[in-house]
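*Asks:* If you want the building blocks of each chain, they are given just below.
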Amino acid sequence: AQKVTQAQTEISVVEKEDVTLDCVYETRDTTYYLFWYKQPPSGELVFLIRRNSFDEQNEISGRYSWNFQKSTSSFNFTITASQVVDSAVYFCALSESTGNQFYFGTGTSLTVIP
Amino acid sequence: DAGVTQSPTHLIKTRGQQVTLRCSPKSGHDTVSWYQQALGQGPQFIFQYYEEEERQRGNFPDRFSGHQFPNYSSELNVNALLLGDSALYLCASSYHRGANQPQHFGDGTRLSIL
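Note that the protein sequences, when read in sequence, are chains H and L. Following the working numbering, the numbering of the first sequence begins with 1 at its first residue and continues without gaps. Following the working numbering, the numbering of the second sequence begins with 1 at its first residue and continues without gaps.
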């Protein structure tokens, strides 16, 4: 069965600090997709990044970067030089090969203090 | 380019009543998924509609039903409301082609059961 675990419930950082959000997943599928979404207080889930299971290349996009390691079933997300606008709840999600159903973690609430 | 729109924004019902929530997908999208997000939790998949049929369903009772219209918009119906149905209901849309395309979410409908 698919499962996503975000062990960090709440994180507080001071503005301009780097912060890493952890995500560990479980799946029996050999092909799967991993996502990070941001949920500001307004409620809308905003898509940030996607990674497929057969591409472990880690990338940087602006202030966002991610570290995907199949050996440890982890998909961690890093924000560099954090800003107050980054304050939100961040969700890691797993999608099976059919892509129909997303499995979300319980979220990590990030507060960036000015 | 309109994103995913949901109505109403907020709704208050009493136990035993029935409710209908509505969703219009992002322009160009033909697939609609519904999620329930309880307070402090990640979204839980209810079901997905494509070509006016339920394509996949999560672990939700038959009290939860849906419909998709020819214009791709969708409704979520919940019968015999329970206190535990109080949650944020999120609609997400995507295009059926392209495995695991990121789902785009609306702002949600916050349902409160008294």
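Hints should not be assumed to be uniformly reliable.
[Stated by the list, open to error] List of simulated lysine-lysine pairs, DSS-like, C-alpha gap at most 30 Å: (1) L:Lys26 - H:Lys16; (2) L:Lys26 - H:Lys38; (3) H:Lys70 - H:Lys38; (4) H:Lys3 - H:Lys70; (5) L:Lys26 - L:Lys13; (6) H:Lys3 - H:Lys38; (7) H:Lys70 - L:Lys13; (8) H:Lys16 - H:Lys38.
[Said to hold, decoys possible] FRET-style restraints, in silico, Cβ to Cβ: (9) L:Ile12 - H:Val85: 43 to 53 Å; (10) H:Val14 - L:Gly28: 36 to 46 Å; (11) L:Gln17 - H:Thr80: 17 to 27 Å; (12) H:Val46 - L:His67: 23 to 33 Å; (13) H:Phe54 - L:Glu53: 23 to 33 Å; (14) H:Thr78 - L:Glu51: 37 to 47 Å; (15) L:Leu39 - H:Lys3: 47 to 57 Å; (16) H:Asp18 - L:Gln18: 25 to 35 Å; (17) L:Asn71 - H:Thr72: 41 to 51 Å.
Hint data in this document are derived by calculation from the structure and do not stem from the laboratory. As the structure is a computational prediction, the values presented were derived from the model and not from experiment. Yeah, the Cβ is synthetic: ideal placement off N, Cα and C, and Gly gets one too.
*Asks:* Take the hints in turn and mark each one as holding or not.
*Replies:* Going through the hints against the structure:
1. L:Lys26 - H:Lys16: Roughly 34 Å between the alpha carbons, so the hint for L:Lys26 and H:Lys16 is violated.
2. L:Lys26 - H:Lys38: Holds, at roughly 18 Å.
3. H:Lys70 - H:Lys38: With Cα atoms ~23 Å apart, H:Lys70 and H:Lys38 stay inside 30 Å; holds.
4. H:Lys3 - H:Lys70: The hint holds at about 15 Å.
5. L:Lys26 - L:Lys13: holds, 28 Å
6. H:Lys3 - H:Lys38: Roughly 19 Å separates the two Cα atoms, so the pair holds.
7. H:Lys70 - L:Lys13: Violated, at roughly 45 Å.
8. H:Lys16 - H:Lys38: OK: H:Lys16 and H:Lys38 at ~19 Å, within 30 Å.
9. L:Ile12 - H:Val85: 43 to 53 Å: 32 Å Cβ-Cβ, so the 43 to 53 Å window is violated.
10. H:Val14 - L:Gly28: 36 to 46 Å: holds, 41 Å
11. L:Gln17 - H:Thr80: 17 to 27 Å: violated, 48 Å
12. H:Val46 - L:His67: 23 to 33 Å: holds, 27 Å
13. H:Phe54 - L:Glu53: 23 to 33 Å: holds, 30 Å
14. H:Thr78 - L:Glu51: 37 to 47 Å: Holds: the Cβ-Cβ distance is about 40 Å, inside 37 to 47 Å.
15. L:Leu39 - H:Lys3: 47 to 57 Å: Hint violated: Cβ distance 21 Å, outside 47 to 57 Å.
16. H:Asp18 - L:Gln18: 25 to 35 Å: Given range 25 to 35 Å: violated, Cβ gap about 49 Å.
17. L:Asn71 - H:Thr72: 41 to 51 Å: holds, 45 Å
The structure shown violates the earlier hints numbered 1, 7, 9, 11, 15 and 16.
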